[in-house]
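K.L.:
Given chain A, put chain B in place with the hints provided.
Protein chains in written order, with the working numbering: chain A, 110 to 498; chain B, 110 to 498.
Be aware that one or more of the hints could be misleading.
Chain copies aren't distinguished; within one or between two, either way the pair holds.
[Unchecked claim] Derived SDA-like pairs (lysine to any residue); straight-line CA-CA distance at most 20 Å: (1) Lys-348 <-> Pro-215; (2) Lys-194 <-> Phe-223; (3) Lys-194 <-> Glu-226; (4) Lys-194 <-> Pro-225.
Calculated from the structure, these hints are not laboratory results.
Protein chains: 2
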Amino acid sequence: MLMVAPRSYLDHNATAPLLNDAREAMTAALNCTGNPSSVHSEGRAARRIVEQARREIAKLCGAQSDGVVFTSGATEAATTLLCSKYRAGRGAVRMSHLYVSAADHPCLLSGGRFDPESVSVFSVDGDGVIDTDALRALLENHDKNDGLPLVATHLANNETGVIQPVEEIGRIAKACGAVFVVDAVQAVGRIPVDITKIGADFLIVSSHKIGGPKGVGAFVANSDLLLPAPLIVGGAQEKGCRAGTENLIGIAGFGPAAAVVGCGLDNRRHIRDMRDRIERRITEIAPDATVFSRSVARLDNTIFFAVAGLDAETAQIAFDLSGVAVSAGSACSSGKVGPSHVLQAMGHGDEAGGLRVSLGADTQPEDADHFLSAFEQLVERHARNSRAA
Amino acid sequence: MLMVAPRSYLDHNATAPLLNDAREAMTAALNCTGNPSSVHSEGRAARRIVEQARREIAKLCGAQSDGVVFTSGATEAATTLLCSKYRAGRGAVRMSHLYVSAADHPCLLSGGRFDPESVSVFSVDGDGVIDTDALRALLENHDKNDGLPLVATHLANNETGVIQPVEEIGRIAKACGAVFVVDAVQAVGRIPVDITKIGADFLIVSSHKIGGPKGVGAFVANSDLLLPAPLIVGGAQEKGCRAGTENLIGIAGFGPAAAVVGCGLDNRRHIRDMRDRIERRITEIAPDATVFSRSVARLDNTIFFAVAGLDAETAQIAFDLSGVAVSAGSACSSGKVGPSHVLQAMGHGDEAGGLRVSLGADTQPEDADHFLSAFEQLVERHARNSRAA
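Bound conformation, chain A alone (with noise of 0.2 Å):
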């Protein structure tokens, strides 16, 4: 009899499971045939799944459903905002800076649009906290005369986990009179987001993250009197924002995803007392390890967190084989090794590598178990080896 190990999948910030709402919509949908631009009946019935989805997305960011644009993912959606051309009404306007911190994900640190010498970077702090004051410096500098600056900055981080300010950022940018981004892709269904109170002009979002399938993501805009040139084009899909045959059957999915999220958002205590417990047990287990963002405000699934001595991706690789999947840096950085952006964003030097734990909702007290013994198995290896050497 061969017996297969049980798993424990405890990288949900990489990609999330899908959820089962998300799974019987999918599937539903395998038997729609229409493409949601054809007026037929069957292309109707396409339609109304795109816009159910819609108005979920919408209601998870507390936004409007006609500022729901949908994208491949949030990289496209970032590249599609991140842009110096944007439309007020009938007028064009032009962004002439772009503004984003040193802890952002690649798909912001890299401009989108545009050219490298247009981006400034602001720092931030030693655990990973956006310095506020930095961004107020950066945009008093900002010359208006060539337009207007456009900040764009993440809600929660993809490694740490650390929740930024993003509200007094929104004021900063405000007094600026600029153009706010916020990419909420690890903030959404994790802890309540409104893209109103947060004082953004987009949000990005993403359905793999929250239980949808990977490949489809969406921009929300506050308002439809400013909207980015499109990146995408070619017919008129998406009310001329984003041009191509939409995702219908990862669409289907990410609306169930993002209505199953926001429901369960006042009930994630668990998580964040499963997270506390591995943490304690990493720390009794390697008195010497570091807990990275642990005094600040952060998401209750993540925890990002280096031994000295103990290679991050080799410990991953470890880990894999005893059954758990963690992560070492983000996946989209991932076959490049090399250390993280954020951490030496935070001012750890080339030595740090971080391995980070992701819970979700499916996580059970059995995963954090597997992980806390396979960890301790790993530190004990460690530590007989470093003797031996």
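P.N.:
Chain B alone, transformed into the frame defined by chain A:
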């Protein structure tokens, strides 16, 4: 007892019903949790699905699998390729001007990332066939001091089904040192397509036109030496050619769809016979009907026709009420009512409204009869109304 009238879906050029192999692969992929960029076991399982599909798409195009770059669809692929900034190996290559045909899909005609003043349009004849002399004349006037010419056009037309002389166009393009992009969206799976035989540098393909899901496509490069500047930027996915987490479930369906239609290329006689039968009956029922492009090489699944005085959009709605899904123009431009740009390019005035009937391998003789019966009723009613008026 509620009787649901059977529907006949004859709009395969807008989007094709999902093939069983695609459905099964997608259903299986719903259980695949990992992010293809993650290095753990779950991530590697997702990666295998992507790479298997990549091989299947390459095979359908006569290309190497490492030439396939997945996108969110043909429109994104076109916007990526229609760009002035390319790299050849480690060097930069500039495309200074884009040449597209008047009968191209809006995703080419829009010019992608080129400014409108850097786009020239070459004509088609009254049958919708590209005027290669017009292209040659344009390219002879191209000023190479500014950069190379980029020629982009379609292999098979989405409205008329006309198969363009792409091999000749490829020779003309190469003789002028142009880079050649071929929109093969409506051609792959319906006629043999070989990127090298065509002489194309790039092909554009779409999943949902061949029985895969909507929201996934690819561009296929004939060499990894020449590549466009990425459109979507951020992470290092798709070898740095296209950032963003892959549409795993979509790609999982795209691959098997490509494999199935590739195997079916020799077995399309029944589609052509059905097409011919429908066209004969159309002209018997309405002797003043025009079947466009009937005398030139066409896809065997596409009928594009008009009846004098019969408004295409009204007729489409009547067909829909009779249980038959056909199209008035292409789906991507549905919603905006107006004359087909393809018919206009063929020299037809605003009065001509084309109806498109597009068949698939799943189309049954009963579907053809269903369409013809509805058409007969429509023509009779139209004649009565004309007499009464």
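K.L.:
If a hint holds in the structure, say so; if it doesn't, say that too.
P.N.:
Comparing the hints with the structure gives:
1. Lys-348 <-> Pro-215: between (28 Å within a copy, 15 Å between copies)
2. Lys-194 <-> Phe-223: both (10 Å within a copy, 15 Å between copies)
3. Lys-194 <-> Glu-226: both (16 Å within a copy, 18 Å between copies)
4. Lys-194 <-> Pro-225: Result: close both inside a copy and across copies, 16 Å intra and 16 Å inter.
Taken one by one, the earlier hints all hold for this structure without exception.
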